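*Asks:* Here is what each chain is made of, one letter per residue.
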Amino acid sequence: MFSRRDFLTASVALATIFGPGMHGRWSQAAAQQAITEEDLLAAEDFGNVTLLHVTDIHAQVKPLYFREPSINLGVGEVEGLPPHVTGQDFLKMFNLKPGSPEAYALTSVDYVSLAKTYGKMGGLDRVATIVKRVRAERGEDKTLFLDGGDTWQGSYTANETAGQDMVDIMHALGTDAMTAHWEFTYGTDRVNEIVEQLQFPLLAGNIFDDEWMEPAFKAYEIFERGGVKIAVLGQAFPYTPIANPRWMIPNWSFGIREEEVVKNIAAAKEEGAEVIVLLSHNGFDVDRKLASRVEGIDVLLSGHTHDALPEPVMVGKTMLIASGSNGKFVSRVDLNVADGAVKGYRYRLIPVFSDVITPDPEMAALIDKLRAPYEAELQRELGRTDSLLYRRGNFNGTFDDLICQALLAERDAEIALSPGFRWGTSLLPGQAITVEDVHNACSMTYPEAYRSTMSGQLVKDILEDVADNLFNPDPYYQQGGDMVRVGGMGYRIDPAKEIGSRISDMTLLASGEKIDPARDYVVAGWASVNEGTEGPPIWDVVEAHLQKNPNVHVEENQSVQVVG
Amino acid sequence: MQVTRRQALGLSAGAAAFMAFAPAFADEAATEKMLKEFTGGKSPGSGKISLKAPEIAENGNTVPITVSVESDMTESSYVESVTLLADGNPNPGVATFHFSPMSGEASATTRMRLAGTQNVIAVAKMNDGSVFMDKKQVKVTIGGCGG
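Protein chains in written order, with the numbering used here: chain A, 164 to 727; chain B, 139 to 285.
Hints are supplied without guarantee of correctness; some may be wrong.
Below, in silico cross-link-like pairs of lysine to aspartate or glutamate (EDC-like), each with a Cα-Cα straight-line distance of 16 Å or less [claimed, not checked]: (1) A:Lys623 x A:Glu661; (2) B:Lys274 x A:Glu422; (3) A:Lys432 x A:Glu384; (4) A:Lys623 x A:Asp683; (5) B:Lys274 x A:Asp637; (6) B:Lys190 x A:Glu421; (7) B:Lys190 x A:Glu423; (8) A:Lys283 x A:Asp273; (9) B:Lys190 x A:Glu422; (10) B:Lys274 x A:Glu421.
Pairwise CB distance ranges (calculated) [said to hold, decoys possible]: (11) A:Gln362 x B:Glu166: 17 to 23 Å; (12) A:Glu458 x B:Gly242: 27 to 33 Å; (13) A:Asp252 x B:Glu208: 45 to 51 Å; (14) B:Ser215 x A:Lys480: 34 to 40 Å; (15) B:Glu175 x A:Ser664: 33 to 39 Å.
Don't read these hints as lab results, they were simulated from the structure. Just so you know, these numbers come straight off a predicted model, no measurement behind them. All residues carry an ideal CB built from backbone N, CA and C; glycine is no exception.
Okay, chain A solo, but in the shape it has when bound (with noise of 0.2 Å):
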């Protein structure tokens, strides 16, 4: 198990090189009562290059609730790890104080309280906010702003426009490079006509196309920052065509494709790079061991595995950065460069507080423009919960649970798939369920419940097929999302093992019954990857649950077991 005490060592080891590192923490406004925007916002002036960077906004412009996983487990190499490490384990490991604002931020203990003291999180507006100060007060000519990808996907007004909202704001917002991932699931045809329109580059390194294995997308662009040519490499989600459906975007090859980082990074060095950044949407684990095995990058931005740690993790001499999701949190990274080499740094997670930092008028009028011809469908109450609703974490999330019981009863199934995004929204007890929250859970392009039969058999063949891409042990097997979601059926799980041994125990749980592998069971599920899906679209299957069940309440979870 991974102590404190060693992760200090680690760290100490490298402040040696790059100077005091652990700057810009915020548990001294947390140690006042009262956090201002001063408190969040205020830096002294270091260095000549600052990035930030925000990932995996799912196409939340608007402040929200996102709890964070309250078990997230890593195994083989990583376990204990960050990310691989929640609730009191976080607070101590980061030395953070229980009931602050940053363990209401980074952590799921004691949620709702601190959600009622602390409020909504995020907002695109108060993004726009930081983003233009930094770049006052650190000027134009030093600032990089880099998106990690899953900007354009997540909610209702990013689906009925095909992510043109987010594109707008991405825009507006003064992008300079981002990557993809959901992207992707806009079909090539939307991909290439937004490319087209994009001020900013789109970069992926790690996307060939299929028949030639030609570079399909520009891999890298340099940017002269304060003096410094700051080379930005972008690294899509290698999964994409495997976790989504292959079929939107037949001709783009991915993969992790090692060989072509180490390629894009000297010939970055070779026009003159002197910081080599890398944007990457591969999920924390899968970079820890790129920036283990790759020399030279200096900065890596990490995306998808929707993380945010208060601290960069250093390998080697790169630093790791996890800056969160939904809008939570916006990284910024000051960087001393000279002599073509990164002298030192200075790191700061900042909290988007919604009700601390003012919203840019300016970016808050542009996200009312765009939502205005779907207000009114997007605040149509559905239902109202009396319990917190959320997803995030490696298992069954309540908000999981009643598309579950939507599916199994409105399909009329035995037992219910729901996949393991980590992209969903959190509804507090007592909040009316709307629209807009029912599509931030499961928004996208191939929506369709399908009704299906499958044997015991498969059922279980997918859950393990599934449990092995989030818990292999080599990181570069796993593909960042969490266990699909199951209704209707218990199992137990020993991650550690092998695929094939870790799900045992399957029950259904209308009957206690053993599950049977030769019997026929009946299936319901959403988002399959295969083309031709039919069924009506999720959104619709929990709308008419919630028609007849309007008063929400989901237990926690008990038929899941993690064992070992």
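Using the hints, position chain B against chain A.
*Replies:* For chain B alone, coordinates are given in the frame of chain A:
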């Protein structure tokens, strides 16, 4: 009816698509035997040969792989042949590429079908009879739940 593992998650089309899938996995002995036939019983060294394959296949029916061998490719020192094996396929033999000094370099790209998660093995035989091996596991998933 042939059902691949990826298609098995069709989850949608027709119930008939979910017939039990019983892959005819190659036994280790078959792979060993082919390996021995190629190497003439020599145990392969590591290095020189490098195999590039995806960690997880995007499509198990057509997995792109590239194999290359470091060699001067001169009359006195060259790669004679490279063989590719897939140790989980019903028939582990995939392809054998033959080279000569005239080839200039010893590298080849092809696509192969993989019945399931398994090791892809590449072995190079040099003109002096020495053999080198590289191996990579390629995972073939049912797919579908990342993000």
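*Asks:* Now tell me if each hint is right for this structure.
*Replies:* Hint-by-hint comparison with the structure:
1. For the given pair, A:Lys623 sits about 14 Å from A:Glu661 by alpha-carbon distance, which is consistent with the 16 Å threshold.
2. Note on B:Lys274 and A:Glu422: the hinted pairing holds, with a Cα-Cα distance of about 15 Å set against a maximum of 16 Å.
3. Simply put, A:Lys432 and A:Glu384 have alpha-carbon atoms about 12 Å apart, close enough for the 16 Å limit, and the pair holds.
4. Restraint check: the Cα-Cα separation between A:Lys623 and A:Asp683 comes to about 12 Å, which is no more than 16 Å; the hinted pair holds.
5. Simply put, B:Lys274 and A:Asp637 have alpha-carbon atoms about 13 Å apart, close enough for the 16 Å limit, and the pair holds.
6. Of the pairs offered as hints, the one joining B:Lys190 and A:Glu421 holds, with about 10 Å between alpha carbons and a cut-off of 16 Å not exceeded.
7. For the suggested pair B:Lys190 and A:Glu423, the alpha carbons sit about 12 Å apart, so the restraint of at most 16 Å is met.
8. Among the hinted pairs, A:Lys283 with A:Asp273 is consistent with the structure: their alpha-carbon atoms are about 15 Å apart, no more than 16 Å.
9. At most 16 Å may separate the alpha-carbon atoms for a hinted pair to count; B:Lys190 and A:Glu422 meet this at roughly 9 Å.
10. A threshold of 16 Å between alpha carbons decides the hint, and for B:Lys274 with A:Glu421 the separation of about 14 Å falls inside it, so the pair holds.
11. Take A:Gln362 and B:Glu166: their Cβ atoms lie about 56 Å apart, and the range 17 to 23 Å is violated.
12. Distance hint check: the CB atoms of A:Glu458 and B:Gly242 are about 30 Å apart, consistent with the given range 27 to 33 Å.
13. Range check, A:Asp252 to B:Glu208: Cβ separation about 47 Å, and the 45 to 51 Å hint holds.
14. At about 38 Å, the beta-carbon gap between B:Ser215 and A:Lys480 stays in the expected band of 34 to 40 Å.
15. Checked against the given bound of 33 to 39 Å, the beta carbons of B:Glu175 and A:Ser664, roughly 34 Å apart, stay inside it.
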